[in-house]
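Residue numbers (the numbering used here), protein chains in the order written: chain A, 1 to 272; chain Y, 1 to 227.
Don't read these hints as lab results, they were simulated from the structure. Remember, it's a predicted structure, so these values are computed and weren't measured experimentally. Wrong hints could be hidden among the right ones.
Said to hold, decoys possible - Only pairs whose alpha carbons sit at most 20 Å apart, straight line, appear in this in silico SDA-like list of lysine to any residue:
| id | chain 1 | residue 1 | chain 2 | residue 2 |
| --- | --- | --- | --- | --- |
| 1 | Y | Lys182 | Y | Trp19 |
| 2 | A | Lys97 | Y | Val49 |
| 3 | A | Lys134 | Y | Glu126 |
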Amino acid sequence: MTDSEGGPDLTKGEGPEDAITQAAATGTGPLVVVEHVHKHFGELHVLKDINLTVDRGEVVVVIGPSGGGKSTLCRSINRLEPIDGGRILVDGKELPKEGKELARLRADVGMVFQSFNLFAHKTILENVTLGPVKVRKQGKQESEKHAMELLERVGIANQAAKYPAQLSGGQQQRAAIARSLAMKPKVMLFDEPTSALDPEMVNEVLDVMTGLAREGMTMIVVTHEMGFARRAAQKVVFMADGQIVEENTPDEFFTNARTDRAKDFLSKILTH
Amino acid sequence: MFDFSAFFDHFDEILQGFWATIRLAAASAVLSLIIGTLLASFRVSPVPVLRSFGAGYVNVVRNTPLTLVLLLCAQGLNDTLHLTFSESSSTTYYWWAVLGLSGYTGAFVCETLRSGINTVPLGQAEAARSIGLTFTQSLRMVILPQAFRSVIAPMGSILIAMIKNTTVAAAASYAEVALVSKTLLDAPTFTGGAIPLFIGVAVGFMILILPTGFFFGWLAKRMAVAR
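So that you can see chain A by itself, here it is in the shape it has in the complex:
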């Protein structure tokens, strides 16, 4: 597959008057829209004309082989990776360029990383309150109270005064989820949240994520955890070689995938 068509007219952007924007203004319509998105790393074409729509409260799991562009797609949704063409809308608004506008948008999009990325010089509680205090301008007491509730919910309230390095991987990742939740995001992005964890700690993180999904959080999850996909997702997106090869419901996808590429991938991971 080449993109010798030169890529469609990627820069068009139909302006703020289109249907998506209007729907978002009324609190309906899709929450995240990815339209004809392209991304290159030098010569490497890592995202090739990606289209994806995520509805409010929907949980989308993105799976596929390594190097297929899953993480890049996830990171482009809060512009940690700028895109080369197409557009991405969050809640009806196109991603702004760098600056205050972008910071404001990122505050509404939670992100959980593979390597946790908790602020190493701050305690768990300070990690969770930093955003609310500095970005949302909430009072310190109120933020701490809310932070403790969140830490309680992810099961590490007793670790609040410790530093990240003193916690296990699973605890750190749950703290990172609490840090994102503290911003009351509209959508949460998970970039392989359990890939860096010891096997015995995977479930404690997945349990928290499943709970979030049940409560109606909109989530985009890049993961290899098929169990989680079956349990919590409404949609599975299979990516390979920079393209979305198949979009399907979890049940259909795992039992009866439509494309050969997906069948091949599943046969490799599900047989043992």
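Fit chain Y to the given chain A structure using the hints.
The following block gives chain Y in isolation, referenced to the frame of chain A:
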């Protein structure tokens, strides 16, 4: 030859010289840290103009001999252009010495801090941005605190070098201990040997600097960021 009586005869003047050295060093330490931090922020900022300014400043100042910098301040800017800080010439020379020394040391502080910024994993900045902190906020609240902690020990070395560099301020007409010693030696009435005077001043600097070194070593251990 090792008769220290002359040294102790002039002990008061030498102490005053040291006091002047300490005042110069203390003000320069604070100011050079501020200048260095600003420069480092410029050099990693997303604004190209600031990045070029930071790089230009560091490359010019770091490669200019300190004596020249201080002479430029004292004789060029002060004596020739008459940019003064106060009526009193000694106060003016003091502030020019502080500015010259801090501007010079700031370039080194900047480069040290920048190498500290490079030790902070990229994920820290990404996490900071992902919760909606602006570039300046991420730098101030997440990146710089960790960068500083990783370079406390080399920063100590820079401050130690700076304390010893105060002696160059003699060239800028600031009466710190080196200038006091030279004046003493040059005076026809000074009969004692030069060597005891040098030894005395050297010991004075060791008393000043050794604790500084120990303090930074202790601080580096205490403030280390566990990853």
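Status of the hints after comparison with the structure:
1. Y/Lys182 with Y/Trp19: holds, 16 Å
2. A/Lys97 with Y/Val49: holds, 19 Å
3. A/Lys134 with Y/Glu126: Holds. A/Lys134 to Y/Glu126 sits at ~16 Å (cutoff 20 Å).
Consistency note: the structure conflicts with none of the earlier hints.
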